[in-house]
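*Asks:* The whole structure should be built from the sequences, with the hints applied where relevant.
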Amino acid sequence: MNLNHIVDLSEFPITELNKIIDLGYKIKKDYNFYFKSMENNILATLFFEPSTRTMLSFETAMIRLGGNNIGFDNPSKTSISKGESFTDTIKTISAYSDLMVIRHSLEGAAKLASYFSDIPVINAGDGGHLHPTQTLTDLLTIYIETKSLNNLVIGFCGDLKNGRTVHSLIKSLSLYKNNKFIFISTDTLKIPKYIRRFLDQNNCSYTETVSMDEYMNELDILYMTRIQKERFESKVIYNQEKDKYILTTEKISNSKKSLKILHPLPRTNEIDINVDLNEKAVYFKQLKYGVYARMALIVLLMHDNITIPISKAFELENKICINPKCISQVEKSAKKLFKKDKFDKNILNCDYCDYLIY
Amino acid sequence: MNLNHIVDLSEFPITELNKIIDLGYKIKKDYNFYFKSMENNILATLFFEPSTRTMLSFETAMIRLGGNNIGFDNPSKTSISKGESFTDTIKTISAYSDLMVIRHSLEGAAKLASYFSDIPVINAGDGGHLHPTQTLTDLLTIYIETKSLNNLVIGFCGDLKNGRTVHSLIKSLSLYKNNKFIFISTDTLKIPKYIRRFLDQNNCSYTETVSMDEYMNELDILYMTRIQKERFESKVIYNQEKDKYILTTEKISNSKKSLKILHPLPRTNEIDINVDLNEKAVYFKQLKYGVYARMALIVLLMHDNITIPISKAFELENKICINPKCISQVEKSAKKLFKKDKFDKNILNCDYCDYLIY
Amino acid sequence: MNLNHIVDLSEFPITELNKIIDLGYKIKKDYNFYFKSMENNILATLFFEPSTRTMLSFETAMIRLGGNNIGFDNPSKTSISKGESFTDTIKTISAYSDLMVIRHSLEGAAKLASYFSDIPVINAGDGGHLHPTQTLTDLLTIYIETKSLNNLVIGFCGDLKNGRTVHSLIKSLSLYKNNKFIFISTDTLKIPKYIRRFLDQNNCSYTETVSMDEYMNELDILYMTRIQKERFESKVIYNQEKDKYILTTEKISNSKKSLKILHPLPRTNEIDINVDLNEKAVYFKQLKYGVYARMALIVLLMHDNITIPISKAFELENKICINPKCISQVEKSAKKLFKKDKFDKNILNCDYCDYLIY
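In order, the protein sequences belong to chains D, U and B. For the first sequence, the numbering used here begins at 1 and goes up steadily by one. For the second sequence, the numbering used here begins at 1 and goes up steadily by one. For the third sequence, the numbering used here begins at 1 and goes up steadily by one.
The set of hints was computed from the structure by calculation and includes no laboratory data. Glycine included, C-beta positions come from ideal geometry on N, C-alpha and C. Check before you lean on any hint, since a few could be wrong.
To be verified - If you anchor each label on the Cβ, the simulated ranges turn out as follows:
(1) D/Thr307 / B/Asp304: 25 to 35 Å
(2) B/Asp304 / D/Asn18: 17 to 27 Å
(3) U/Asn254 / B/Tyr194: 48 to 58 Å
(4) D/Asp272 / U/Asn269: 21 to 31 Å
(5) U/Glu315 / D/Asn254: 22 to 32 Å
Said to hold, decoys possible - Negatives, chain B to chain U, calculated, CB over 12 Å:
(6) Phe12
(7) Tyr31
(8) Ser85
(9) Asp200
*Replies:* Put into structure tokens, the structure is as follows:
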């Protein structure tokens, strides 16, 4: 059978995306309908890198569906410390459970797992690469709070360079009609060239600014991000950047009444806690919506009611991925797989981490 | 709605205390009646400081009620390590679960959490400050084993200075009629002044002694305690104190046939293992009763069948708590809250850790 | 009542062994029949030494039966770090749960636990001593894959000296009719004398060889083992031994079409990953069968449908076990128990770790 995995949303057709959003919205209104739908089923949460929030969100989703959880959140405690390969661990888990969620510090880990697993794989973050369920959470939040995914002015503020959730959300929102993006960042952390190229090719309008105030009164959505220490090589640059954008009650005083403020969380200090009390702040509601999005995803995957296209990859013995953070660098069992770049057919991408290979 | 939290038993009226004891006793006789009452509900166990016994006791209670558990027992694995505040973690968990249990090394942590949580909070120990569910366990054990909470002679032996469970149990027992307390300790670890003052004000009779034998034949209850290494600043004093009181079969030879020996556990060597075989030893039964007490508490909280008075606190911008172990010292989101001291209206108490502020 | 524990299979009668195999086989065909049979029951997984694979296998088994799990996999997080004895921890857990699984780095830990537990104890590995549920998994795998446990030629390859699962499996297979053993190992890691003596006494035929190829074409079963780094005192010897036997597709080219290759897992490099694709490789199926074996064991223990003989042990105050890895060396609460050696009545065995005492 053609097994479905949620590794990357970039090739997700809008029809399938809407299936998840619609079911998530339905569950939000009344999830008792789905209570017991996963009874006697097991979700395995494989957190090779700890992320309490994401793990608890998935565990909660599975429990709310009547299912159960097994897993680990500390690689040093797994058989890997006995020299087992990543792919053998994946095969082991797929012998025990019905569905698996993977979080890993190396890019492409979930993709590699999908080639060895006998059960559906959900990517819960592979290094700085992808985190599709965060994007589904964000889309569902916008849909629940604004009743639409079209005709929106969406501001993104903070680290737009390293923020994987930002890139993924932009790509997905560009599938919908007439959305306009405002990118608020310093020059150091501005949105990458490939995203701008992507938006140009899809005729999406966007504006870049260093000012948090310039377009505030136009925004329907403000997506704040955390400056992630762990994504910086240099401590100096981190310290120089970290306090550049801090959202306060004053800053949103002249914004639209209907503005909704999102944040993937956790936050450090980029949003003043007094903003929490403002009805425009929906980032804590967003956590609940994240559970609904994951419940929808689990139901659709387990009932095989979703079809996900798989990018055509081919093996090249004489090529290797040069991304030092790619899983293929450390996993012997990973075949050397590549695919054609979406923009330039003469360039290759690593099938696991999407790194450009010339 | 007026949300109920179990942070501190000190202002608990006897009526509400009896509700928990009565239901615990009912559950002990037949808990199958409550089996499934928490179905599809989630208890979150937030152990910022590990305590396997307490965590497993709560998890067991929830499972016996048909419910489920999520949580963590290792702060280094939580988002806190990404710089998230304690209160944001609380808000996150309250978006996922229906009830939360908190264990923390800082005093006042559960109280602070109760101000930010949308779901009931149960204090499972905040540093050396409070541990209400241990006290409920002790009360239920006494009630089950002696069929009464009145007219008892109760001996407390060991560390009466630092033992928070001892102080809390004494206060609760003083609400019942005609109980007499025997405090057995060295001068270094004797019962604190504020407890003696409390007993005097409530006209409760008590006696202090350094001898384990002097009143042994009068006791209905002997509550043994562990000399807790972690509560001592000086290793010298710990070593000098730790073996002062060791209960043996000989020591209870001339005690009442109906004597019941309790211990909060874990024990080190303060009770000889041969005493375990004696029917007077009920400290392992006490573990089972602890599950019943927690089951009763969960049922009452979730069905909103209990009413807990909240001490009136007020904000004072110019005051700060001077207790170095108070959560308010590290949590920026904690307002500077205080309340009037119960004995001296001119003295303030920190609302979180009850420390005296002059 | 006479409580049943699964600590050691060595004295297990074939009748009881078959009960587990038969039920495991029945469950494999349709375990929905047993779904909910453990509802509201709690399995405690006490992993004093981490072993993700074994823990997840037991948790999965309990969940598939409709039951629940509590436990720990990190001793530093348990009350033991507060100075609690192992046996007090066992008593605590038996107050909370219905069945317990113990993994410990010290030999005899599960046996000691069985003397203090009020609920059935399953040994999930005590140091290099015993691991009965792995043996049950292996037997069930052989039965499912060959439809028999008799008249087989079984090859064992790798570390036959330290591999506890190998010794236990050989003993159990010797209970069945007309099985022949081929021991493939270097001289350093050859099968121990006591196993050869055991086979001689039971008139079982066996052959020893250093060649992986010599008997390959005769084998019905090939049981591969990992050279376990943790079992070697000397790194030099480990490195010299670790790559001696590596199974490849070529090596099994002239083997019987019906050959089945087993491995307890995890593997390091002793089986080339290309062998995984060969239908003769059943070591990943073996993981699923391990769940069925554990489900069968849990059902039989909880429904008290199995009778396990207990070796007669006696206390000798003046004797002590001299095995430095024996639990009796560190646990004060462990009585000095011994039993007569099965081969030489003048020799004693430690009741916990079976070490020979002269």
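*Asks:* Next, verify each hint and record whether it holds.
*Replies:* We went through each hint and held it up to the structure:
1. D/Thr307 / B/Asp304: 25 to 35 Å: violated (49 Å)
2. B/Asp304 / D/Asn18: 17 to 27 Å: Cβ of B/Asp304 to Cβ of D/Asn18: about 54 Å, so the range 17 to 27 Å is violated.
3. U/Asn254 / B/Tyr194: 48 to 58 Å: holds (54 Å)
4. D/Asp272 / U/Asn269: 21 to 31 Å: violated (53 Å)
5. U/Glu315 / D/Asn254: 22 to 32 Å: holds (30 Å)
6. Phe12: Label holds. Min Cβ-Cβ 31 Å, cutoff 12 Å.
7. Tyr31: holds (21 Å)
8. Ser85: Given that some Cβ of chain U is not farther than 12 Å from that of B/Ser85, nearest at about 8 Å, it is violated.
9. Asp200: Since the minimum Cβ distance to chain U is about 44 Å, B/Asp200 lies beyond 12 Å and the statement holds.
Checked against the numbered hints given earlier, the structure breaks hints 1, 2, 4 and 8 and satisfies all the rest.
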